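Using the sequences plus the hints, can you model the full thing?
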Amino acid sequence: MERGKQDQNIQWRRLKTLVVDDYPDFIRTVRGMLLSLGLVNVDTATSGVEAVRLMTVRRYDIVLCDYNLGPGQDGQQVLEEARHRRLLLPTAIFMMVTAENTLEMIMGAAEYEPDAYLIKPFTGRTLHKKIQNLLEKKEALKPIDRAIRAMDYERALGLCEELIARRPPFLADLLRIKGDVLLMREDYEGAKAFFKEVSTLGRLPWAVLGLGRLKLREGDHEGAKRVFAGLIAMNDKVMPAYDELARTMEATGEYGEAKETLLKATEISPKAIKRQETLGRVALRGGDLATAERCFRETVKLGRHSCFKSPSHYASLAAVLTEKGAPEEALKVLQEGGEEFPRDADAAVRLTIARSLVYTRTGQHDKARECVSEALEMVKKNPQAVERDVTLDLAKALMTTGDEELGKEILRRTVQNNHDDAALLEGVKAVFREAGREEEGERLLEEAVEEVVAMNNEGVRLVRGGDLETAITYFAKATERLPENKLVNANAAYAFLAHMKEKGADDALIVKVRTYLSRIHRLDPTYRDLPKLAALYREITNEAPPWTTDSD
Amino acid sequence: MGMVYSRLEEMGDHCRGRGCPRHADLLELQYEIQRLNSNLIRLLTLYKAERTPLKVNCDLHNVSDFLDEVLDRNEPLLARKGIAVETDCPSDLFRAFDKGLVTGILDNVLNNAFRYAKVKVLLAGRPEGDGLLIEVSDDGPGYPPRLLMDSSREGGIAEPSSFLTGNTGLGLYFALLVARAHRRDDREGYIRVTNGGALGGGCFALYLP
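Chains as they are written, first to last, in the working numbering: chain A, 940 to 1491; chain B, 1067 to 1275.
Fair warning: there could be bad hints in the mix.
Covered stretches of chain B, going by a simulated chain A footprint (3 or more residues, C-beta under 8 Å) [claimed, not checked]:
#, segment
1, 1071-1083
2, 1119-1129
3, 1158-1171
Below, in silico cross-link-like pairs of lysine-lysine (PhoX-like), each with a Cα-Cα straight-line distance of 25 Å or less [claimed, not checked]:
#, chain 1, residue 1, chain 2, residue 2
4, A, 955, A, 1081
5, A, 1068, B, 1165
6, A, 1176, B, 1186
7, B, 1165, A, 1059
8, A, 1176, B, 1165
9, A, 1068, B, 1186
Every beta carbon over 12 Å from chain B, so not counted as near; a handful from chain A, in silico [claimed, not checked]:
#, residue
10, 964
11, 1123
12, 1247
13, 1352
14, 1415
Just so you know, these hints were derived from the structure itself, not from any lab.
Keep in mind the model is a prediction, meaning the values are calculated, not measured.
For each residue, glycine too, the CB sits at the ideal point set by N, CA and C.
Take a look at the structure:
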């Protein structure tokens, strides 16, 4: 291999590759190209399902996947499932193969983008260069990626700047990452200056987007709207700009405008399931049942082959159908949902609650009550399998079918576990409001939050007073009472770390801290104090924080 | 069409391998397919541009890598006709532009070179202030006088209507639209079609601010 000799850093023979296409001739051609590049491990698949199955048993370095795979999953859905289920290592390359005329349709369509698009027809030389460039890029970005995952933003920034100074071919990616890191470490002034500086290189959509997001942070909704709208006028395929614009409009109560914005976005990129869902929700809020119905139908349809399929799509569609006076059809949709999610406790609970709401709405209160107690049984039997936002639905159903005390108790628990989550508290208030008991809700909320705050303050007082021994015992108990509360877990982690800083590291205590940190990261990977706790954890244990080790 | 192109390529290789004289015909077919394909894509873009202004989706690109990619796509066909293509561009030149649209322009110019160049084509990129200048020159007979133009100068081009009625060519009309859609501050992109360039033949230049 004379070409292989040029890039000594890449050991082509070792690379494991997967080629996916429903057209055997194409697989044969690409396989031939790869073999002539010196690769020996080349697997092939002719459908998305087969590709995903292979990816679960082998860790590929390179996946070459055609977008159009016939019936079933398309290439984008294969990519989404692979990334979502972490079937690909961070260093792996996913290349999407497309014909030129479909490129526009799929670009930027979803939350996951491939590392590169390959436009048919391509030559062996193009393929060779692309692979080489991408492998070099991934290798160079590895330390930055690792620092970011460990929330060591100082280090990530230093590494970015070091590389930027060398002006490698992937400079554009580096600049973008630097902007992200500045935002992650909450250096908003620095980020603003940086976005303005890179804007002198040309109109870079991500820099404009960043400036808009900063305006939003400053509370300048009108300014943010202008920036996002201006970006779309220039650059109609920057899909996040539509999402941000719509979200800003929604925040200022312009539901009609938000709907129009999302409608345009779904015209350009019709297959993004999350955006369809948001559009459905916004349309519903503005009273446009027809659009809402169409969108939720779309989410159900798109979900069929997607890892983002969700029982809540079926529940939303059923709610709209009930609202428009078609409860029979709503029940049928929920029935279909049940068949789509066999042996899934969370889905079963959601769909059963949705059924109770259909019955309540049509005055069949006995049936509604039956559904609610059924859902309650399921939650009791399998509480871990149920996501936390189900509790709101369940409490709402309980309160509308008459079992108010139990509903209130569930809400109290939810509030105490999430006392600093404004959106969730708003949701709890809404449940009370809809039941016509707004004042009672306010009171419950206030008492529940007060109790948590008092509990926290007591622990913090112990830490500040230097009685760390008592403090860690106190917080160990507190986390048992409120295992899902981020602040309690964060304070517990801090108390344990402070204790070890004084008395030395201790394996038993480290295990506890790891539990607290993992919990916070699972509940909210962007939790404010997480980077600080991670730094302290690193200082005491010399280890990366627990959430980075599983996928490294 | 991509599939037809690949199949023709395989057949061409096969034919040539067995010394069949008709492989040259297959080459012609490949050229026509490529031309048809890029014309269709340009037509689609122009059709959309009729309704709303052409959207430019800029990102920062390494120009040298970009030109290499364009070369890789077009070289095989040219090479088989005995035309050598070279690129000339500083390796650390980065500029923001719409890669898809500019690829469309260059594919078209290089596709024309199949017909008009003799043995050599040069694809060059260099900074022009903080903008970018890309030039495609060949050693052929040059462009016919009616196609010569300089859109940066007042009166430097024929009226746009003649693009659609006359023989000015879809390719150049598309190039002009794309160049002009690239705007920054008060500057806009332009194209220049001249003769007697770097290799003595036709020279197509594209400036992007």
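Determine which of the earlier numbered hints do not hold for this structure and return their numbers in increasing order. Violated hints: 6 and 10; rest satisfied.
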